[in-house]
Amino acid sequence: MTDLIEGAPAPDFNMETPDGPVKLADFAGKALVLYFYPKDDTGGCTKEAQAFSALIDDFQKAGAAVVGVSKDSLASHRKFQAKYGLAVTLASDPEGETVAAYGSWVEKSMYGRSYMGIDRSTFLIKDGKFVRVWRKVRVPGHADEVLSELRAL
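Counting from 15, one number per residue, gives the positions in the sequence shown under our numbering.
Where hints are given, some of them may not hold.
As the list claims (entries may be wrong) - The calculated DSBU-like cross-link candidates involving lysine-lysine, where the alpha carbons are at most 35 Å apart (straight line), are:
#1 61 - 37
#2 140 - 53
#3 61 - 140
#4 150 - 53
#5 61 - 85
#6 75 - 37
#7 44 - 93
#8 97 - 143
#9 122 - 97
#10 85 - 97
#11 140 - 85
#12 61 - 93
#13 97 - 61
#14 44 - 140
#15 75 - 140
#16 143 - 122
#17 44 - 122
#18 61 - 44
#19 85 - 37
#20 122 - 37
#21 44 - 150
#22 140 - 37
#23 37 - 143
#24 75 - 53
Read the hints as simulated data drawn from the structure, not as lab findings.
Make the full structure from the sequences, and use the hints.
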């Protein structure tokens, strides 16, 4: 696994979305906001997807695509997008290969029980390299912060 730090090359990926396959090379010459979230149609994940969707025009004007990644199926993503009118692309990583490559498959704990799950994390990538990395993301204000960072490029 490469170092997941600013300036390092981003790991390649190839995932399915409801609109077809997506890979890192598709974003050559553009910026990419790649965010990882635990599960479709749950409280924090819904708020995060809605926040990025509300700002999608601003992200596009700033030259960036926004792709959310979870281990949920394409059918789940379609239902999630339709239910909330989401404007972001949602990629399915059922085997967790991309989640792991980006260091977002981590040990978590709840009520004293340890388990493996997706760490809410966001990567701003340009020209195949990490520009900014956010770990243990708190949803309120996060999409605005990412957009501000993008505009500063």
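Quick rundown of the hints versus the structure:
1. 61 - 37: With Cα atoms ~25 Å apart, residue 61 and residue 37 stay inside 35 Å; holds.
2. 140 - 53: 26 Å, holds
3. 61 - 140: Roughly 25 Å between the alpha carbons, so the hint for residue 61 and residue 140 holds.
4. 150 - 53: The hint holds at about 15 Å.
5. 61 - 85: 18 Å, holds
6. 75 - 37: Judged against 35 Å, a Cα distance of about 21 Å means the pair holds.
7. 44 - 93: This hinted pair holds, its Cα atoms lying about 28 Å apart.
8. 97 - 143: 34 Å, holds
9. 122 - 97: 28 Å, holds
10. 85 - 97: 18 Å, holds
11. 140 - 85: It holds: about 24 Å lies between the C-alpha atoms, which stays within 35 Å.
12. 61 - 93: Cα-Cα ~16 Å, so holds.
13. 97 - 61: 13 Å, holds
14. 44 - 140: 6 Å, holds
15. 75 - 140: 15 Å, holds
16. 143 - 122: Answer holds: residue 143 to residue 122 is near 28 Å, not above 35 Å.
17. 44 - 122: Status holds; Cα separation ~33 Å.
18. 61 - 44: The given pair, whose Cα atoms are some 25 Å apart, holds under the 35 Å limit.
19. 85 - 37: Roughly 16 Å separates the two Cα atoms, so the pair holds.
20. 122 - 37: Cα-Cα ~28 Å, so holds.
21. 44 - 150: 25 Å, holds
22. 140 - 37: 14 Å, holds
23. 37 - 143: This hinted pair holds, its Cα atoms lying about 14 Å apart.
24. 75 - 53: Between residue 75 and residue 53 the Cα gap is close to 28 Å, so the pair holds against 35 Å.
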